[in-house]
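Student: Taking the hints into account, I'd like the entire structure generated from these sequences.
Residues in the sequence shown are numbered from 1 upward in steps of one, following my numbering.
Mixed in with the good hints there might be a few duds.
Derived SDA-like pairs: lysine to any residue, alpha-carbon spacing no greater than 20 Å straight-line [what the hints assert, rightly or not]: (1) LYS88 / ILE62; (2) LYS299 / LEU393; (3) LYS349 / ASP315.
Across the chosen pairs, the derived CB separations fall in these ranges [what the hints assert, rightly or not]: (4) ASN287 / ASP149: 50 to 58 Å; (5) THR151 / ALA230: 36 to 44 Å; (6) GLY143 / ASN287: 50 to 58 Å; (7) SER302 / LYS352: 46 to 54 Å.
No wet-lab data here; the hints were simulated from the structure.
All figures in this text were calculated on a predicted structure; none of them were measured in a lab.
We put the beta carbon where it would ideally sit given N, CA and C, even for glycine.
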Amino acid sequence: MKSLITTLINLCFVFVLAAQGTITVKGRVLDQSNNEPVIGCSVYLKGSSTGTITDVDGMYEISAPSDGTLVFSYIGFATQEVEVGGRKMIDVSLATDAVTIDEVVVIGYGSVKKSNVTGSIVSVKPAELKTVPTTNVMESLQGKLPGVDITRSSGAAGAGVNVLVRGNRSLTASNSPLFIVDGIQYSNIQDINPNDIESMEVLKDAASTAIYGSRGANGVIIITTKKGKAGKTNVSFNAYKGVSQLTGYPRVMGPEEYKTFRRESNRTTGNWTSEADDSKIFGNLLNNKGTYWPDVFLKDGSQSDYQLGISTGTDKTNVYVSLGLFNEKGLFEKDELNRYTIRANVDHKISKVFNIGTQNQVTYYDQDFRNDPLTTANKLVPLEEPYEAEGNLIQVIKQW
Numbered sequence: 001m002k003s004l005i006t007t008l009i010n011l012c013f014v015f016v017l018a019a020q021g022t023i024t025v026k027g028r029v030l031d032q033s034n035n036e037p038v039i040g041c042s043v044y045l046k047g048s049s050t051g052t053i054t055d056v057d058g059m060y061e062i063s064a065p066s067d068g069t070l071v072f073s074y075i076g077f078a079t080q081e082v083e084v085g086g087r088k089m090i091d092v093s094l095a096t097d098a099v100t101i102d103e104v105v106v107i108g109y110g111s112v113k114k115s116n117v118t119g120s121i122v123s124v125k126p127a128e129l130k131t132v133p134t135t136n137v138m139e140s141l142q143g144k145l146p147g148v149d150i151t152r153s154s155g156a157a158g159a160g161v162n163v164l165v166r167g168n169r170s171l172t173a174s175n176s177p178l179f180i181v182d183g184i185q186y187s188n189i190q191d192i193n194p195n196d197i198e199s200m201e202v203l204k205d206a207a208s209t210a211i212y213g214s215r216g217a218n219g220v221i222i223i224t225t226k227k228g229k230a231g232k233t234n235v236s237f238n239a240y241k242g243v244s245q246l247t248g249y250p251r252v253m254g255p256e257e258y259k260t261f262r263r264e265s266n267r268t269t270g271n272w273t274s275e276a277d278d279s280k281i282f283g284n285l286l287n288n289k290g291t292y293w294p295d296v297f298l299k300d301g302s303q304s305d306y307q308l309g310i311s312t313g314t315d316k317t318n319v320y321v322s323l324g325l326f327n328e329k330g331l332f333e334k335d336e337l338n339r340y341t342i343r344a345n346v347d348h349k350i351s352k353v354f355n356i357g358t359q360n361q362v363t364y365y366d367q368d369f370r371n372d373p374l375t376t377a378n379k380l381v382p383l384e385e386p387y388e389a390e391g392n393l394i395q396v397i398k399q400w
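Tutor: Below, the structure written as structure tokens:
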């Protein structure tokens, strides 16, 4: 009886501790600039999936540990973290995120503050373009732009990129967006060196693309390249080396698996009863070691990227010059691309009213292209061999 009473007391003590550990926190979220309630503000417990949003009066209610931390987040405001500290009432005032609101974006009519834009525009920072070195600047933005679907057309070296802004708009016509580089319509965005880009804006809705008429029906992507700046000469050099590998490729039969498969298929028809009958079904291929053909055609690919940029200028003249070398080797032998780029942007101020400038871009491609050999490789008999006994390549492989 004494043991039972002790157990009950211990259980009650545990329940009291648990009740003290989690508390219900209430409060109100206000706009620091005008003390108006922030409706729909996200309030969640840091490090967990527990969360809620504020109502029309800016009020919220959430269960949280007494030593936990609440995170208050809303678009246009700076995210704020507040320690609970055992409090049951926590009021928060959110400050406007001035960095985001005052950001300058480029639209068809010029450059304006983001706070004054009513259309749907996504801005891309230059740092995001350098995280994934590729031949096409858009490929490095996969999964980073809301409402923009970016896919690579194939795995070949230098393959193009398909860009869709808010989905397909036509069943037969092109759905590619309009590219504007320094105010000029551009056809092949792959020619642009990502290191030369100063800013990029994606215009997605009708209000933003209206100035471009029907050409902007599929969205507009505006790119502004770098310009020289007055002051000291700035020299930058970037180098990158990477390896690409094939993943998820379906496995095909090897030589021994193929022999087992052929024997079983002929056994059911009475053409094979033992290994003594192998010569009937394999012929002169019986003694071959065989080949696993994907190993012959596939290899690891690689990417190399070297970029040199020079920026200089005076009070009247600014110059920006860049050199770029990009090399990509595909997963197949003799599938390789070399891209050489040169850019020179020069701006000169004649007077307070008149400015002149020139923007020059030269891109040269050296590409060794081959068709996809895997379609044929998957059909080759695994008992065949690619080389003769002397080591010479067999030009024509006979198939059954």
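Student: For every hint, state whether the structure bears it out.
Tutor: Evaluated hints:
Taking the CA atoms of LYS88 and ILE62, the gap is near 10 Å; set against the 20 Å cutoff, the hint holds. Annotation: proposed proximity of LYS299 to LEU393 holds, straight-line Cα distance about 19 Å (limit 20 Å). Straight-line distance between C-alpha atoms of LYS349 and ASP315 comes to about 8 Å, which keeps the hinted pair within the 20 Å bound. Our hint of 50 to 58 Å for ASN287 and ASP149 holds, since their Cβ atoms are close to 53 Å apart.
Between THR151 and ALA230, the C-beta spacing of about 42 Å keeps the proposed range 36 to 44 Å intact. Roughly 52 Å separates the CB atoms of GLY143 and ASN287, a value that falls within the hinted 50 to 58 Å. For the pair SER302 and LYS352, the supplied restraint of 46 to 54 Å holds, since their beta-carbon distance comes to about 52 Å.
Consistency note: the structure conflicts with none of the earlier hints.
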